[in-house]
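Asks: Read off the chains here:
Protein chains: 2
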Amino acid sequence: MIANTPTPPYYAVIFTSIRSSIDAGYADMANRMVELASQQPGFLGAESARDGVGITVSYWQDLASIANWKAHAEHVLAQQFGREQWYQAYKTRIAFVERDYQFVAGE
Amino acid sequence: MIANTPTPPYYAVIFTSIRSSIDAGYADMANRMVELASQQPGFLGAESARDGVGITVSYWQDLASIANWKAHAEHVLAQQFGREQWYQAYKTRIAFVERDYQFVAGE
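Line by line, the protein sequences give chains A and B.
Going by this note's numbering, the letters in the first sequence line up with residues 1 to 107, in that order.
Going by this note's numbering, the letters in the second sequence line up with residues 1 to 107, in that order.
With the rest of the complex left out, here is chain A (with noise of 0.2 Å):
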């Protein structure tokens, strides 16, 4: 699904990752990651891709929602599984939503 951010200006966190061969608890682990994220004060939506390279974009109110996500203890363990097992490399940026425009067939 397209995310139904609100208009800008917002935070995304683009974080684009290549696996490892090690799938054990990588789906839980990713689905309930998914879970708390929009769980958390300040989340907006995601949007999340792989195919060879995964892509996960996932939009924030401020910097102080992604600060408190990134130490969110549940998520401090995940990130923590993944360097050590499910991520062959990983990069994530930080960036400032300025404007957007959409097309939705027929409108």
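Take these hints with a grain of salt, some might be off.
[Stated by the list, open to error] In silico DSBU-like links for lysine-lysine, alpha-carbon gap of 30 Å or less:
id : chain 1 : residue 1 : chain 2 : residue 2
1  : A       : K70       : B       : K70
2  : A       : K91       : A       : K70
3  : A       : K91       : B       : K91
4  : B       : K91       : A       : K70
5  : B       : K70       : B       : K91
Calculated directly from the structure, the hints in this document are not laboratory data.
Given the coordinates of chain A, work out where chain B should sit on it, guided by the hints.
Replies: The following block gives chain B in isolation, referenced to the frame of chain A:
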């Protein structure tokens, strides 16, 4: 691949899309657009994945580079085809990348 972008700041264009059922010409045009984008001034890299939703993030030196690419004649034509045929919906977000961090296993 994870785009090998320079130290921030720079810009990201986050293009999230839902395809229509029309495939004719899409793959060729998508590949051509990646090739053409990478030749534009200010292009810093791109990442792309699709499963259900498609996410393409392209990285640019500044807003002028993004505006130039958006107005490129061949890209304008592709955008028009996209709206008429290939996309059910899309959303484009222009974002200023303020910082990044990365992880590479074994480093």
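Asks: Give a verdict on every hint.
Replies: For each hint, the structure was consulted:
For the hint linking K70 of chain A to K70 of chain B, the alpha-carbon distance of about 34 Å lies beyond 30 Å, and the restraint is violated. Taking the CA atoms of K91 of chain A and K70 of chain A, the gap is about 14 Å. The hint holds against a cut of 30 Å. Only pairs whose Cα atoms come within 30 Å are accepted, and K91 of chain A paired with K91 of chain B is accepted, the gap being roughly 23 Å. Restraint check for K91 of chain B and K70 of chain A: satisfied, since their Cα atoms lie roughly 26 Å apart, inside the 30 Å limit.
For the hint pairing K70 of chain B with K91 of chain B, the CA-to-CA distance comes to about 14 Å; that is within 30 Å, so the pair holds.
Comparing the model with each earlier hint shows a violation of hint 1 alone; every other hint is respected.
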